[in-house]
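Chemist: Whenever a hint applies, use it, and build me the whole structure from the sequences.
Quick note on numbering: the sequence shown equals residues 1 to 436 in the UniProt record's numbering.
Simulated from the structure, these hints should not be mistaken for lab results.
Among the hints, a few may not be true.
[Claimed, not checked] For each label pair, taking beta carbons as the anchor points, the in silico distance ranges come out as:
| id | residue 1 | residue 2 | range |
| --- | --- | --- | --- |
| 1 | N233 | K262 | 35 to 43 angstroms |
| 2 | G353 | L65 | 30 to 38 angstroms |
| 3 | G353 | T95 | 17 to 25 angstroms |
Just so it is clear, the structure is predicted and the values come from calculations on it, not from any experiment.
Note that CB positions come from ideal geometry on N, CA and C, so glycine has one too.
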Amino acid sequence: MTPRLLAMALAPLLGLFIVALGNGFLSSLTTLRLGAAGESATMIGIVSSAYFAGLTLGAIFNDRLILRIGHIRAYSSFASLIAATILLQGLFYDTWGWVVLRLINGWATVGVFLVIESWLLLAGDAKIRGRLLALYMIVLYGAGVLGQAFLGKITGLGDTAPFMVAGMLATLSVLPIVILPRVSPLLEQVEPLKPRALLGVSPTGLVGCFGSGITIAAIYTLLPLYLQRIGLNVGEVGSMMAWTILGAMLLQYPVGRWSDRKDRLQVLTVLCAACTVLSLVIVLVPLSSAMLAAMLFLLGGGVFALYPVAVSHAADRAPVETLVPMIQGMLLINSLGSAMSPLLISPAMNAHGETGLFWAFALVNLAMVTFFFWRRGKRPVPANPAPFAAAATFSPTGAELRVTEDLRQAAQEHPPMVDALSGEAAPPTGSRYEVS
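Modeler: Below is the structure:
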């Protein structure tokens, strides 16, 4: 990567790192405070779902605001809202008030992602987007690991200290954006594929993305509650969460290389089967702290790798004209699963105690294994023309980062896609984004 490119990408990546340091541990902190106050798992699920609902709404509507007021002012506005909602959480405790604050925080957070991702798109052409994507993921997951690891120490400074630190970091994240040399990025509006068209591209990819949203959101929001209820203090909870996210960061690349060499449907099946087994081991086998950390490391790697493999599987079947809207549509399906996750899983924790989380994990992953086996019987083993690209949770603009030159070339060389709904070959060019 050239010094010029690094200089162009430095401001957004540094801003992302600073805001993600604080916002990264806020989900764990919110869950732990609600749990310490004696709130039920259902109420904690409602508060947690509000954040992901905000992410989903922001992913749909925030691009219009950015187009209207510009990227720099939009980033400043979103970061200010993040800071304000975090500080207000530290000032007062009210569960329904926190629902509103987490909703606004999610809406503003995806706005920050949208600004940063479109900025990175401007920094380089399609040939280097893979490297930009790698930098983006290293920064995002690295900040998440550090934030979780230091949660215990920050909490030791006082009850309101974590909220103050996270709010301060959100405010400071504006400085690289407004001080460092920059070029105002451009944002192109792209409509995601409709649900029926997504189903036609890849039912397997759609189910994988939805199931991934359910499990990833549960890790961020309900895993801290499980760890708290089995007797870990705040520092230990932060350490276990850090191990989980570290697994997500380190295992994506080897899983991705594996999926490039093997049938991706088989990889998805093995990942979900492994997550099922790991969930049952955590529930049924007495584990030391070191063994629990190892299980969570592997579980995090499996759960977080499911989304990019599912998207790559769908990309294997998409013509070049539909790549960007297809990936955007998969993201929104993933976001929908994330928004529903705490509401779906928290009743299991009410019914079966803290272990209900992992029983629910096992059930969701087992359901996906069953679906993937059924899909294998419907179609033969295909080639994998699209190269794997690791991915975190993006705003819709982040789909552009994933569409590299290699991916476009693979889609162009791919034979006509077969519509799963009609059984007919889809035309290489119809409307710009719709698969008929």
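Chemist: Compare the structure with the hints numbered earlier in the document and write down the numbers of the violated ones, lowest to highest.
Modeler: 2
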